[in-house]
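Colleague: Sequence:
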Amino acid sequence: MISQKVIEASHLTIEIPDTGETMTIKLNPFYKTLMKAYNAAIMDNEDLVILINAYERKGKSTLARIIGYIIDSAQVGRGKYFNLDNVYFSPEDVAVMFNKVPDSEPGTVHIVDEAQNVLHRRDAMTMINKLIDKGIKTIGEFKQVFIFNSPAFWELDVILRRADILLNIPEKGHVEVYTGDFLNAIKHVVSWKARWYDFQDILDAAMSTKKFKYLDWSSIWEFKFKPLPPKEMALYRERARKHKGRFLKQIANAILEVTKGGEEGYYTVKQAAKVIGISVDALYKHIQRGNIAILKRGNKVFIPQKELERFYRSYLTGKAKARA
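Per our numbering, the sequence shown runs over residues 53 to 376.
What the hints contain is simulated information worked out from the structure, not anything from laboratory work.
A portion of the hints provided could be inaccurate.
[As the list claims (entries may be wrong)] In silico lysine to aspartate or glutamate, EDC-like type, Cα no more than 20 Å apart, as pairs:
(1) K294 - E108
(2) K57 - D70
(3) K110 - E223
(4) K224 - D96
(5) K278 - E98
(6) K322 - E274
(7) K326 - E290
(8) K245 - D333
[Unchecked claim] Cβ-Cβ distance ranges computed for the label pairs, FRET-style:
(9) N151 - N351: 29 to 37 Å
(10) S62 - K186: 41 to 49 Å
(11) H240 - A89: 16 to 24 Å
(12) G131 - H63: 18 to 26 Å
(13) T65 - M259: 14 to 22 Å
(14) H63 - H226: 31 to 39 Å
Bear in mind that the values here come from a model prediction, so they are computed numbers and not experimental data.
C-beta: ideal position from N, C-alpha, C; glycine also.
Put together the whole structure using the sequences plus the hints.
Modeller: Right, dumping it as structure tokens:
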């Protein structure tokens, strides 16, 4: 638990357990509310789920780690509640997280740094994603903090439904905070059958929906944040490269598996679905949406091998988009 004295303070000096560096942070209204929400979650035997949305190189990973260090340092945890071992990048890493959670101290912070590599929409789930989906639903009872970073949070429907806080970073170092009914309005809009590709489109729709017309969107909190100390940033990047490199090798091996099948360079839909690891119905939905090109021969549908390889690469990295 974080003491009231710390919450009421104007500043907090965070400690980086992995490097020994320190950094003083001004406790703005969001950070104070975050600490109160953290205490409430622990007292109510619940988890706290935070989504951070931003395109690449906007600072979502940095912000997530700042939150982790604030929670750890506010309790003088010295790494007990957060350190860089609690940052995860791939399905394999998330499996490690699931193993750690039952034995972790209540209030421990876990960051899934490339959530789009781990979770996909419910209609595009492989077996491993279904298992992760079940895991996410189960870990809430262990009173942990989970931060999911993504450039497209609306694709992570299982996480969005559980989210308590949504942080959007429109520009590097600049944060918008969505909680309460503001977040509920966004969840409501995302639940529509529409296919979303940009946060601003979702926000515009949420602002115009009649159900939440009473909201004053100009009142949302905004704040700025700075980079973490240089040694921490360097160590994080080194670890991220290592984990991402291992994940890329997994993708490469999966692509090689794709190239082994098919006759004369073509796959039936059933063969392709088996290779990708999704149902035939789910693959047909991708075909109908234009996510994957097909070849028709009479009444039969085939997928060219190169097209299947292209789709599989984008599917594995969570970036399968409708073709223009």
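Colleague: Does each hint fit the structure? Answer for all of them.
Modeller: Quick rundown of the hints versus the structure:
A hinted pair counts as satisfied when its Cα atoms are at most 20 Å apart, and K294 with E108 qualifies at roughly 18 Å. The hinted pair formed by K57 and D70 fails the criterion: a straight-line CA distance of about 26 Å is larger than 20 Å. Taking the CA atoms of K110 and E223, the gap is near 6 Å; set against the 20 Å cutoff, the hint holds. The straight-line distance between the Cα atoms of K224 and D96 is roughly 34 Å, outside the 20 Å bound, and the hint therefore fails.
As the CA atoms of K278 and E98 are separated by approximately 30 Å, the hinted pair breaks the 20 Å bound. Of the pairs offered as hints, the one joining K322 and E274 is violated, with about 49 Å between alpha carbons and a cut-off of 20 Å exceeded. Straight-line distance between C-alpha atoms of K326 and E290 comes to about 36 Å, which puts the hinted pair past the 20 Å bound. Straight-line distance between C-alpha atoms of K245 and D333 comes to about 17 Å, which keeps the hinted pair within the 20 Å bound.
Evaluation of the 29 to 37 Å hint for N151 and N351 yields a failure: the beta carbon distance comes to about 49 Å. The hint said 41 to 49 Å for the Cβ distance between S62 and K186, and at roughly 43 Å that hint holds. Range check, H240 to A89: Cβ separation about 21 Å, and the 16 to 24 Å hint holds. G131 and H63 have their C-beta atoms about 21 Å apart, which keeps the hinted 18 to 26 Å range intact.
Restraint check, T65 to M259: a C-beta distance of roughly 39 Å breaks the suggested window 14 to 22 Å. Between H63 and H226 the beta carbon distance is about 20 Å. The supplied range of 31 to 39 Å is therefore violated.
Figure legend: structure checked against the earlier numbered hints; hints not met, in rising order: 2, 4, 5, 6, 7, 9, 13 and 14.
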